[in-house]
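Mind docking chain C on chain S? Use the hints.
Chains as they are written, first to last, in numbering that gives the first Met the number 0: chain S, 0 to 93; chain C, 0 to 262.
Read the hints as simulated data drawn from the structure, not as lab findings.
Computed from a prediction, not measured in an experiment: that's the story for all the values here.
Every residue gets a Cβ at the ideal spot worked out from N, C-alpha and C, and that includes glycine.
Derived coverage of chain S by chain C (criterion: at least 3 residues anywhere in the stretch with Cβ under 8 Å from a Cβ of chain C; other residues may be distant):
(1) 14-21
(2) 25-39
Here are a few chain S residues that sit away from chain C, every Cβ distance over 10 Å (derived from the structure):
(3) Ile47
(4) Glu55
(5) Ala74
(6) Leu75
(7) Arg86
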Amino acid sequence: MLDFINKIFGKDAGSSGNVAKERLRLVLVHDRSSVSPEFLQVLKNDLIEVISKYMEIDEHTLEVNLDSNNENQVALVANIPVKKMKRGVKGAAQ
Amino acid sequence: MGEVIVVTSGKGGVGKTTTTANIGAGLAGRGHKVCLVDADIGLRNLDVVLGLENRIVYDITDVTVENCRLKQALIKDKRFDQLFLLPAAQTKDKTSVNPEEMQKLCLDLQEEFEFVIIDCPAGIEQGFRNAIAGAERSIVVTTPEVSAVRDADRIIGLLEAAELRDPMLIVNRLRPKMVRAGDMMSIDDIIDILAVDLIGVIPEDEMIVVTTNKGEPVVMDNASLSGHAFRNVVSRLKGEEVAFLDLDEQGFFSRLWKVFGKK
Numbered sequence: 000m001l002d003f004i005n006k007i008f009g010k011d012a013g014s015s016g017n018v019a020k021e022r023l024r025l026v027l028v029h030d031r032s033s034v035s036p037e038f039l040q041v042l043k044n045d046l047i048e049v050i051s052k053y054m055e056i057d058e059h060t061l062e063v064n065l066d067s068n069n070e071n072q073v074a075l076v077a078n079i080p081v082k083k084m085k086r087g088v089k090g091a092a093q
Numbered sequence: 000m001g002e003v004i005v006v007t008s009g010k011g012g013v014g015k016t017t018t019t020a021n022i023g024a025g026l027a028g029r030g031h032k033v034c035l036v037d038a039d040i041g042l043r044n045l046d047v048v049l050g051l052e053n054r055i056v057y058d059i060t061d062v063t064v065e066n067c068r069l070k071q072a073l074i075k076d077k078r079f080d081q082l083f084l085l086p087a088a089q090t091k092d093k094t095s096v097n098p099e100e101m102q103k104l105c106l107d108l109q110e111e112f113e114f115v116i117i118d119c120p121a122g123i124e125q126g127f128r129n130a131i132a133g134a135e136r137s138i139v140v141t142t143p144e145v146s147a148v149r150d151a152d153r154i155i156g157l158l159e160a161a162e163l164r165d166p167m168l169i170v171n172r173l174r175p176k177m178v179r180a181g182d183m184m185s186i187d188d189i190i191d192i193l194a195v196d197l198i199g200v201i202p203e204d205e206m207i208v209v210t211t212n213k214g215e216p217v218v219m220d221n222a223s224l225s226g227h228a229f230r231n232v233v234s235r236l237k238g239e240e241v242a243f244l245d246l247d248e249q250g251f252f253s254r255l256w257k258v259f260g261k262k
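Next comes chain S alone, as it looks inside the complex (with noise of 0.2 Å):
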C-alpha cells in the first residue's frame, strides 16, 4: 500500500526510474575509470591477504567496488564482514 501511495507521488527510492539511476551512476563509475573486473579482483585478493594477518574475515561475502561521491570523485568501497580478531597480533592488545 505504502509502495502504491509512494509510486502515485513518484518519491519512491526504490522505484524503477531510480534504480535506473542508480544502476547507470555505478556502471558509470567503472566505464569512465576504465578499471577491469580482473583489475578489482586482483586487488580484492591482496586486500584478503592483508587483512587476513589481523582478523578472520567472511572472504566470500567479502565486497570491493568503485562508487562515487556527489562531486563524482570516484571511491574505491570495501564490505569486509568480520568473524573473528586475532589474538597476539602486534598492537592489538592495547
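Coordinates of chain C only, in the frame set by chain S:
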C-alpha cells in the same frame, strides 16, 4: 563557411536518423541552406526517412572516388528547395570511405551550405570515426534508458578525445507520465549523470511513426508535440533561447484544447 554538425549516439535505434532529418527539415523550413549527409554506409536510412529513396542516382562513395561530381550526387528535397541529401552507399561497407575523404567532403559542402548535418552510424568503430572527422560541433542523442545513456557517456568521452567539445544533448522518446510515476529517469537525472548541455527533449509520440511511414519529417506537423519539440531544437541550434516544453502540462485535456485552438 557553413557549420558541420554530427548527430551521434553510440547505441543504435535511439533516433539519430529521425533527429537528423527533422533538424535538417526544420532549418530548411526557416530558410537555411542545408545538406544532410548519411554516413551510415551499408545501412542507409536517411533517404527513406526523408521520402527521397526513389531519387538516388549517386552516393557518397561515388563522390569520394570521383565517380561523379559532388553536385550530381546531391538530392534536392521536393518540399524544401533549400534542403539536400547526400545519400550513403548501400552496397559498400564502412571502410570504403576514410576520415581524410570525409574531411575534404565536409570542407567542400561548407562552401555551399549554411548547415551540413551528418547522420553518424551506431557504434564506435570506423564508421563513427569517419562521421566525426569533418565535424565542428556534435549532437548526442539518447533515450531515458540505462543502456542508451551509458553509450552516450562513452560517445561523449570519444568526442572530447577527438577535440569535439561541448556536445549538445537530445533526450528522445521521453514519456512524461512514466517520469512522473518514478518509472523513468528524468531529464534532470540524465543531465546530472552526463554533465552536458541539453538542446532538446523529444516526447515519445506516435506521430513520429505516422510521419516516418510517409517519409515526411514530423517537424512539418504543426499539431504534434514532437514536431514542436524539434522546432525548438532548431531554434536553439540557431542560438535562440527557447523554454523547454512543459511536458507535465500536456495532459489529455490540455492537448485537446490545443487541437481546438484554445489555450
